[in-house]
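Colleague: Chain residues, written in single-letter form:
There are 2 protein chains.
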Amino acid sequence: VSPALPLRIAVDAMGSDHGPSPLVLGALQALAELGPDLRLSLVGREDEIRAAMPGGRGSEQVEVVAASEVVSTEEAPTVALRRKKDSSIRRAAEMVAQGEADGVVSAGPTGAVTATMQVVLRPLSGVLRPSIAAVLPSPKGPTLLLDCGANVDCRPEWLLQFAVMGQVYGEVVMGKRSPRVALLSIGEEAGKGNELTRAVHALLQRADLTFIGNIDGRDVLAGRADVVVCDGFTGNAVLKLGESVPPLILDVLRSELEARPLSRLGLWLLRPALRRAFERLDWESYGGAPLLGVDGACIICHGRSGPKAIRNAIRVARDFVRGGVRERIAERLKGVA
Amino acid sequence: VSPALPLRIAVDAMGSDHGPSPLVLGALQALAELGPDLRLSLVGREDEIRAAMPGGRGSEQVEVVAASEVVSTEEAPTVALRRKKDSSIRRAAEMVAQGEADGVVSAGPTGAVTATMQVVLRPLSGVLRPSIAAVLPSPKGPTLLLDCGANVDCRPEWLLQFAVMGQVYGEVVMGKRSPRVALLSIGEEAGKGNELTRAVHALLQRADLTFIGNIDGRDVLAGRADVVVCDGFTGNAVLKLGESVPPLILDVLRSELEARPLSRLGLWLLRPALRRAFERLDWESYGGAPLLGVDGACIICHGRSGPKAIRNAIRVARDFVRGGVRERIAERLKGVA
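So the sequence lines, in the order shown, correspond to chains G and L. Counting in this note's numbering, the first sequence runs from 1 upward without gaps. Counting in this note's numbering, the second sequence runs from 1 upward without gaps.
Misleading hints may appear alongside valid ones.
In silico DSSO-like links for lysine-lysine, alpha-carbon gap of 27 Å or less [as the list claims (entries may be wrong)]:
#1 G/308 x G/140
#2 G/84 x L/192
#3 G/176 x G/140
#4 L/140 x L/84
#5 G/176 x G/308
#6 L/176 x L/334
#7 G/192 x L/84
#8 L/308 x L/176
#9 L/85 x G/192
#10 G/192 x G/85
#11 L/308 x L/140
#12 G/85 x L/192
Chain L regions said to be covered by chain G (calculated; three or more residues, Cβ under 8 Å) [to be verified]:
#13 143-156
#14 236-245
Since the hints were made in silico from the structure, they are not lab data. Note that the Cβ used here is the ideal one computed from N, Cα and C, for glycine as well.
Input sequences plus hints: build the corresponding full structure.
Modeller: Set out below in C-alpha cells:
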C-alpha cells in the first residue's frame with residue numbers, strides 16, 4: 001500500500017453486543033482523528049447501520065456495504081462459517097481478500113472472526129498457525145500476549161513463530177526498537193515449566209530475537225517484557241482472568257463506599273486522580289487484538305467495545321497496514337523456517 | 001486425632017522471606033485465638049527463633065525444635081532435599097511422619113516444601129499425584145483452585161482426583177455442603193478446551209461430584225464455583241497473574257493520588273471504606289495453600305507472609321486435621337479409582 005493512496009478499512013458493523021452503534025460512532029471518531037487519507041466501509045444491515053448514524057448521515061469517507069446475516073456468540077464458529085455465507089464478518093473478510101479493503105476490524109465473536117479470516121484470507125505463506133495476540137495494559141506500557149486462544153494444543157515451532165510475529169508487531173505497531181520477548185512459564189530457570197515450554201525455551205534461545213527468558217504469571221503485567229508467548233489455552237485463561245480483576249475490585253470498592261456518606265465526598269475529591277489512573281489501566285484504550293499470520297490486517301475487538309475501543313482498533317489497523325506487518329512477518333519467517 | 005487431645009502443629013519457622021519473626025508472631029497470635037487445645041513446635045535455629053519472641057519468652061504451649069539448615073528460594077528443590085538433611089522444612093515434616101505433630105505449616109519455597117512432603121510424608125494410598133491448592137478471594141467468598149504448580153503435565157485421571165480432593169477440602173475446611181466443582185477451560189461447552197480438558201470433562205461428568213461444567217478465566221474469581229480444577233501449569237500462571245493485579249492497580253492509584261493535594265483529603269475520608277474493601281479482597285486472610293493428597297496436613301504460605309497469614313494458616317491446619325481431610329480423601333478416592 002502506497003502512503004499516497006487512501007487506506008481502506010472494512011468495519012464489520014454488526015458484531016458487537018450493543019448493535020451497530022458503537023461501531024458506527026467509533027468509525028466516525030476514527031475519521032475525525034485520523035484525517036482524510038482513510039476510507040471506511042461499514043459492513044452489515046444497511047438500515048440498522050444508517051439508523052445508528054447521527055442525523056442519519058455519514059461522511060464522504062464512509063460507505064455502507066450490505067451483508068444480510070449476523071454471527072452470534074451462541075453459534076459454533078465453524079457452523080456459522082459454513083451456513084452464513086452473507087455474514088458481515090465474511091463480507092468484510094472478502095473485501096480484503098478481493099483487494100477492496102486493506103484491513104478489517106470486527107467486534108464479532110472471536111472464534112468466528114478467527115475461523116473466517118483463516119478460511120477467507122488464508123494464512124500467510126510460511127505461517128504454521130495464525131495467532132490471536134492481546135495487548136495488555138501495564139503501568140510501564142503495553143505488553144503483547146500471544147497466543148490468546150486460537151491454538152490450544154501447540155507444537156514448539158508454533159510458539160517460535162508466535163514470538164517472531166509478536167516481535168514484528170512490537171516493532172511496527174508498538175514502536176519498540178527491539179522488543180523484549182519472554183516465554184510464559186512457572187519459573188525463570190530454563191528447565192522450569194512443562195514439556196512444551198522447555199522445548200520452546202531452547203528454540204527461542206537460538207532464534208534472532210531479544211529473548212529475555214522465562215517469566216511467570218506475576219511478571220506478565222509488570223512490564224518486564226514487550227512480547228509474551230504461550231500456548232493459546234494458557235493465554236486465554238490468563239487474559240480473561242486478568243480482565244476480570246479490575247471490575248471485581250471496583251465492585252467491592254463501590255459496595256463499601258456507598259455504605260458510608262463521607263466516602264462520597266472523598267470520592268468526589270479523588271475523581272481527577274481516579275479518572276487518570278483508570279485511563280492508564282484501561283484495556284479499551286489499546287484497541288483490540290490483532291490476528292497475526294493471516295494474509296491481511298485483522299483487528300478483533302471485544303463484543304462489549306465502546307466507540308473509543310473501535311476508534312483505537314481502526315487506528316491500529318491503519319498502523320498495521322501502513323507499517324507492513326504482514327509483509328514483514330512473511331519476510332522474517334523465511335529466516336526462521 | 002481425638003478432639004480431646006491437644007492438636008500439635010509443627011511450624012517451619014525459617015522459611016519466610018523475612019526470617020522467623022512473622023512465623024513466631026503468627027504462632028503466638030494463633031495460640032491466643034485458637035485456645036488451649038493447641039500445641040505448636042517452632043522448628044529451626046533456636047537462637048533466631050528465641051530472639052524473635054517478644055520479651056524472649058514463649059508460652060507453655062510452644063516448644064522450639066532445633067534444625068540447623070534453611071532452604072532458600074534459590075536452591076533447586078530436589079537438591080535441597082537431598083543435601084539438607086537437617087533443614088527446618090524436613091524436620092517439621094519428619095515430626096508429622098513420626099507422629100510427633102499432627103500437621104505442618106511452612107512459608108518456605110513452595111517447590112521445596114512440596115518435594116519434601118512427598119518424600120517424607122508420602123502420598124496417601126490411592127493418590128496418583130498430590131496437588132497444591134490455592135484459596136482465592138472473590139466478592140462472593142473463597143474459591144479453591146488446584147493444581148497450582150505441583151503437576152505441570154497432567155493426565156486426565158489426575159485432574160479427576162484433584163476435583164475429589166478439592167471437594168473434600170471444600171466440605172471440611174471451607175464449610176460448603178456440596179461444593180460446586182468446575183473445570184477451567186476456554187469456553188463453557190464440553191467440547192471447548194484442549195485435549196486434556198476435553199478428556200477431564202467426560203470424567204467429571206461421570207463422577208460423584210456437583211460438577212457445574214467448564215468455566216473460563218473470567219469466572220474463576222467471580223464465585224461461580226467453589227472448586228476449580230486445572231493442570232498445574234495453567235493454575236500457576238493464573239494464580240500468579242491474579243495476585244499481581246491488585247498491587248499494580250494500587251501502584252497506579254498511588255502515583256496519581258500523590259500528584260494531587262486534594263486527593264489526600266479525599267483519601268483520608270475514604271479510609272474506612274477502603275480498609276474494609278481491601279480486607280474483603282486480601283489474599284492473606286485465607287491463610288495459605290493446602291497440599292492435598294499427602295499423608296499428613298500441610299499448609300504452605302507465601303514467603304512474604306505476615307503474622308496474620310501465618311495465624312490463619314495454623315487455624316486452617318487445625319481445621320484440616322480436626323475435620324479429617326486426609327482420611328476423607330483416602331476414603332473418597334476408593335470410590336473413584
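Colleague: With reference to the structure, classify each hint as holding or not holding.
Modeller: Status of each hint after checking the structure:
1. G/308 x G/140: 22 Å, holds
2. G/84 x L/192: Answer holds: residue 84 of chain G to residue 192 of chain L is near 22 Å, not above 27 Å.
3. G/176 x G/140: 13 Å, holds
4. L/140 x L/84: 43 Å, violated
5. G/176 x G/308: 24 Å, holds
6. L/176 x L/334: 22 Å, holds
7. G/192 x L/84: 22 Å, holds
8. L/308 x L/176: Between residue 308 of chain L and residue 176 of chain L the Cα gap is close to 24 Å, so the pair holds against 27 Å.
9. L/85 x G/192: 24 Å, holds
10. G/192 x G/85: Not OK: residue 192 of chain G and residue 85 of chain G at ~46 Å, beyond 27 Å, violated.
11. L/308 x L/140: 22 Å, holds
12. G/85 x L/192: Between residue 85 of chain G and residue 192 of chain L the Cα gap is close to 24 Å, so the pair holds against 27 Å.
13. 143-156: It holds: at least three residues are needed, and the segment 143-156 of chain L offers 3 whose Cβ sits within less than 8 Å of chain G.
14. 236-245: Since 10 is at least three, the answer is holds.
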